[in-house]
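Put chain L on the given structure of chain U with help from the hints.
As a plain string of letters, each chain reads:
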Amino acid sequence: MSLTSYFMEATYLVASVLFILSLKGMSRPETARRGMFLAEGGMLAAIIGTLVGQHIVTWGWIIAGLTLGSLVGAWMAVSVPMTAMPQRTALSHAFGAFAAALVGVGEFLTHGAEMGAVTRGALGFEVMLGALTTTGSLIAAGKLQGVIGGKPIQFRGQNAINLAICLAMTGSFLFFWMHPETVAAFYSMLGLAFVFGVMLVIPIGSADMPVVMSLLNSYAGLAAAATGFVLGNNVLIIAGTLDGFSGFILSVLMCKAMNRSITNVLFGGFGSVIAEAAAETGGVMREITLDDAAMQLAFASRVVFVPGYGLATAQAQHAVRELAELLEGRGVTIKYAIHPVAGRMPGHMNVLLAEANVPYSALYEMEQINPEFPSTDVVVVIGANDVVNPDARDNPKSLIAGMPILEVDRARSVIVLKRGQGRGFSGLENPLFFKACTTMLYGDAKASLAHLAQAIQHV
Amino acid sequence: MNPPVLIASIYVFALAAFLGYQVISRVPPLLHTPLMSATNAISGISLIGSLVLAGAGNSRLAHILGFVAVTTATVNVVGGFGITDRMLKMFGKRLDRKAPIAPGSK
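Sequence order for the protein chains is U and L.
Position one of the first sequence corresponds to residue 1 (the numbering used here), numbered consecutively onward.
Position one of the second sequence corresponds to residue 1001 (the numbering used here), numbered consecutively onward.
Just chain U, with the same shape it has in the complex:
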């Protein structure tokens, strides 16, 4: 081995260690940012090591790609608003996975003839995972951005067709594996994987996106790990595996937070067939006037805000923080209760509130805040519905039975900010709205919060 090769391997080792340390830093907000600098350093080291240690003959394409990619990447990093974070992350998954798939194709073109059976197997996984993650993530990004309708797209025999595509893809892969000289098998595997990615994501509704995002994250990582096996490169295996497992852990957490299995999310098409299943709950919803609501809040001593995705769509993060600061100025203790699936990707709501300058020490997870509701004077539910539906706990026949919820109905009083009298994504009636402790404040969340703040100043 030449000196430059040793140098390259050394940078890979350093990069692997730095990646792991950076994720370790993520365990606390105070150390997370420093951790990321380590990861950036690791990445830079690996890039320099590669450029020094590999036999690079043409530099033009490399420089052009690095420049163009950096420009687009930097533009994305600076310009994307926090509300669009899920779309951006999905797009990024698509880019990363596409790179992995292309490296696989390139590897097939240059070394396809002399590959051993194991390498061919890894190459197949790399190309399939890379390709299906690319199109799947693009569809997910389209749904999140609203370019494609967020509603699940379903048709008769969908699962059968998907199964057929999956089998055809696997068949092509096996054929290519056994007969590496058949170029057609390789490309049909690639093409079918692209189609399969689309088919996998279109039947899934926007509300299930946290799970899908996590899964695609996992696939993108595993594609990179498979690339590592093809190239015999350990840093790729390590970085890809870390990403793959991170995504996997997040998918499991998200599924738990909705009390559903991954299979159910992927093939169930929740939220499309439910409309008739909603049981009628008796009772009336009581409306509350702005002044009464302001009065309640101003004279409370403990208030909990429960933000849902409706808060983000109404762009009301800043309005809620302003109201909270006003109340804190009057001596009210303010907490925010964050359900794990409150946004469109894991942890999304925390980011949105942090952007609006809400201190993260005021953000509480479900398990932390649930015991505190009985001693809470007022809960303000903003654009959340199913995550506060007591049916999930009380009614075993409910479609969301067993889903862990924020038990706001145990508080002394609940004010629900809601656009109108409609139902949540699952189309379920929410008995919370009919409880004696609950009052409804209708209207746009942002406007309602601003009006509440004004009214409180006059109390």
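Hints are not guaranteed to be accurate.
Straight-line Cα separation of at most 16 Å, EDC-like style, residue types lysine to aspartate or glutamate; simulated pairs [claimed, not checked]:
1) U:Lys435 <-> U:Asp409
2) U:Lys335 <-> U:Glu365
3) U:Lys335 <-> U:Glu367
4) L:Lys1089 <-> U:Glu355
5) L:Lys1089 <-> U:Glu30
6) U:Lys335 <-> U:Glu325
Which residues of chain L face chain U? A partial, calculated answer using Cβ under 7 Å [what the hints assert, rightly or not]:
7) Val1012
8) Phe1013
9) Pro1029
10) Leu1035
11) Met1036
12) Thr1039
13) Ile1045
14) Leu1051
15) Gly1055
16) Val1070
17) Thr1071
18) Val1078
19) Met1087
20) Met1090
Computed, partial: chain U to chain L, Cβ under 10 Å [as the list claims (entries may be wrong)]:
21) Phe19
22) Arg28
23) Ala32
24) Arg33
25) Ala46
26) Gly49
27) Trp59
28) Thr89
29) His93
30) Phe95
31) Thr241
32) Gly244
33) Ile249
34) Leu250
35) Ile338
Quick caveat, the hints were computed from the structure, so don't treat them as lab data.
Nothing here was measured: the structure is a model prediction, and the numbers come from that model.
C-beta atoms are modelled at their ideal positions from N, C-alpha and C, and glycine is treated no differently.
Using the frame of chain U, we list chain L on its own:
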């Protein structure tokens, strides 16, 4: 890939999976979005495979595929790290400025 190398690679994979599980299950839900964004940027490490393809590939087609791969992987890396840092800055900035606590509140 000869058998000893393959076995070593499988060891690396298994240990990385175990380590990843240990490290990542300690990340609080508060930071799950930056986590996803960061691991995504890290998996942009397939950039190093793309570099080799673009710079050492033996055909025009390989170079062009490599160029596209380098571009998309770089978008992934630069965009991913950039946005992660932007998010983490938001979580860090309130450390020095605590929320006002008025007298009488608990």
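Okay, the hints, checked on the actual structure:
1. U:Lys435 <-> U:Asp409: holds (8 Å)
2. U:Lys335 <-> U:Glu365: holds (10 Å)
3. U:Lys335 <-> U:Glu367: Cα-Cα ~14 Å, so holds.
4. L:Lys1089 <-> U:Glu355: Holds, at roughly 9 Å.
5. L:Lys1089 <-> U:Glu30: The hint holds at about 10 Å.
6. U:Lys335 <-> U:Glu325: This hinted pair holds, its Cα atoms lying about 11 Å apart.
7. Val1012: holds (5 Å)
8. Phe1013: This hint holds: Phe1013 (chain L) lies near chain U, its Cβ roughly 5 Å from the closest one there, short of 7 Å.
9. Pro1029: Status holds, d = 6 Å.
10. Leu1035: This hint holds: Leu1035 (chain L) lies near chain U, its Cβ roughly 5 Å from the closest one there, short of 7 Å.
11. Met1036: holds (5 Å)
12. Thr1039: holds (4 Å)
13. Ile1045: holds (4 Å)
14. Leu1051: holds (5 Å)
15. Gly1055: holds (4 Å)
16. Val1070: Check passed: Cβ of Val1070 (chain L) comes within 3 Å of chain U, closer than 7 Å.
17. Thr1071: holds (4 Å)
18. Val1078: holds (3 Å)
19. Met1087: This interface hint holds because 6 Å falls under the 7 Å limit.
20. Met1090: holds (4 Å)
21. Phe19: With a closest approach of 5 Å, the Phe19 (chain U) hint holds.
22. Arg28: holds (8 Å)
23. Ala32: holds (5 Å)
24. Arg33: holds (4 Å)
25. Ala46: holds (6 Å)
26. Gly49: holds (8 Å)
27. Trp59: holds (7 Å)
28. Thr89: Thr89 (chain U) check passes; min Cβ-Cβ to chain L is 6 Å, inside 10 Å.
29. His93: holds (6 Å)
30. Phe95: holds (4 Å)
31. Thr241: At 4 Å from the nearest chain L Cβ, Thr241 (chain U) passes the 10 Å test, so the hint holds.
32. Gly244: holds (8 Å)
33. Ile249: holds (5 Å)
34. Leu250: holds (6 Å)
35. Ile338: holds (7 Å)
Violated hints for the displayed structure: none, as all numbered hints are satisfied.
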